[in-house]
Amino acid sequence: MLRSPAVDARRLAGGLGTFLLAQLALVIIAAAASATLSPLRERLPLSAVPEAGPPPSPVTLAFAGDVHLEGLLAERWAAEGTALFDPLGAMLADADVAVVNLETAVGAAGEPEQKQYAFQAPAEVLTGLRDAGVDAASVANNHGMDYGEEGLAASVAAGQAAGLPLIGAGRDAEEAWAPWVTEVRGQRIAVVAATLVLDDNLIEGWSAGADHAGLASARDVGAAEAAVRQARAVADTVVVYLHWGTEGESCPSAPQRWMADRLVAAGADVIVGSHTHRLQAAGFKGGAFVAYGLGNSVWYSDGGESAESGVLRLTVQAGEVLGYEWVPARLAGGVATALEGEGAIAAHDAWSGLRGCADVTP
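Everything in the sequence shown is counted per our numbering, starting at 1 for the first residue and increasing by one.
Wrong hints could be hidden among the right ones.
[As the list claims (entries may be wrong)] Derived Cβ-Cβ restraints for the label pairs, each shown as a range:
| id | residue 1 | residue 2 | range |
| --- | --- | --- | --- |
| 1 | E124 | T60 | 42 to 52 Å |
| 2 | A157 | E204 | 20 to 30 Å |
| 3 | T60 | E175 | 24 to 34 Å |
| 4 | H348 | D211 | 47 to 57 Å |
| 5 | A233 | A78 | 37 to 47 Å |
| 6 | A78 | A226 | 36 to 46 Å |
| 7 | P362 | A108 | 38 to 48 Å |
| 8 | G323 | A93 | 15 to 25 Å |
| 9 | P54 | E204 | 21 to 31 Å |
| 10 | T361 | A332 | 45 to 55 Å |
| 11 | A108 | T82 | 15 to 25 Å |
The hints are simulated quantities; they were obtained by calculation from the structure and are not laboratory data. Virtual Cβ for every residue (Gly too), placed ideally from N, Cα, C.
The task is simple: from the sequences and hints, build the whole structure.
Below, the structure is given as structure tokens:
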């Protein structure tokens, strides 16, 4: 209990006594208020208020398109080994994080599925990609399970052995949808990978479920949105790598645009895509950066529009895309090789012009 000091008011004379009594009352009230507030001050010490630190340093992300090792590439691999990827690596070299779409099974396990094209590459290809600067690869595509569940398990195991995470696949849906998360200079970058493209007769068997292995299928839109929200909760910047669109088309389809809207609303900062084997538009959309199609990066088709390639580089900071750069390239011997001079200028202008049939802005 708060006690005030004893005061003999009779010893205070006239107006002076009245004044001093008033001042003493104010002191007593202030002391009581201080005693009442002190427990709150103990619970919320000034030292508990975090000091504003410097903003996180920007991070450079690089994205390339479809990669496999068929046809002429298999021949080049046999002759050159990992040096095959050197031209691609030159465009990825100084990025903090680089991701590609690996459109093939890896290893020697499993039997080919009943489909028109079934791709499988030696496990050593993953070491080559890693050494070229690739940090992770999506296998959520219509070739990720070309050699069945056994082939998928072998691919994932080969990725672990090579130190190159393969994302968008797993022993069940939870694992397939789990984001790959890496930290660079204090910033956490999460990448979710999924596919909208699967052969009709393989959708059920290839889509990861509660009790069976497979790929993250974005045909389950709710699962895709939930995966983005999960990544948003643990990362500063959220990337979605999607296999989508119509083969041979340079303009994004209505389903691509619709899905992009949904994923941006769910919290994606960056969306990049593959599958069409053509370059498609890239730019800002609803606060995020969307690159609808990155074309081919290491592919057996070596002519025409399918040979138009490049690497997308983004500078991000805490979920915001601060800037972007398109490094134009063209397949040479099946491998994306940077263009120079007037050829690079013309290719960059053509890439910018793709926005004419898309819903993104520079």
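| Measuring from beta carbon to beta carbon, are P54 and E204 in 21 to 31 Å? | violated, 51 Å
| said: Range first: 37 to 47 Å. Now tell me if the beta carbons of A233 and A78 are that far apart. | reply: Holds - the Cβ-Cβ distance for A233 and A78, about 46 Å, lies within 37 to 47 Å.
| query | Is the hinted range of 15 to 25 Å satisfied by the C-beta distance from G323 to A93? | reply | With a Cβ separation near 18 Å, G323 and A93 satisfy 15 to 25 Å, so the hint holds.
| 45 to 55 Å as the expected CB spacing between A332 and T361, which holds or is violated | Since the Cβ atoms of T361 and A332 sit about 32 Å apart, the hinted range of 45 to 55 Å is violated.
| query | Taking the CB of A108 and the CB of T82, does the distance hold inside 15 to 25 Å? | reply | Holds, since A108 and T82 (Cβ atoms, about 18 Å apart) stay within the stated range.
| Is the hinted range of 42 to 52 Å satisfied by the C-beta distance from E124 to T60? | Taking Cβ atoms as reference, E124 and T60 lie about 28 Å apart, which means the hint is violated.
| task | Check the following: the C-beta atoms of T60 and E175 are separated by a distance inside 24 to 34 Å. | result | holds, 29 Å
| message | Does the beta carbon distance between A157 and E204 stay inside 20 to 30 Å, or does it fall outside? | response | holds, 24 Å
| said: Please check whether P362 and A108 have a Cβ separation lying inside 38 to 48 Å. | reply: holds, 46 Å
| field | C-beta pair H348, D211: status relative to the range 47 to 57 Å that was hinted | value | holds, 48 Å
| Okay, A78 versus A226 on CB: inside 36 to 46 Å? | holds, 43 Å
Checked against the numbered hints listed earlier, the structure breaks hints 1, 9 and 10; every other hint is satisfied.
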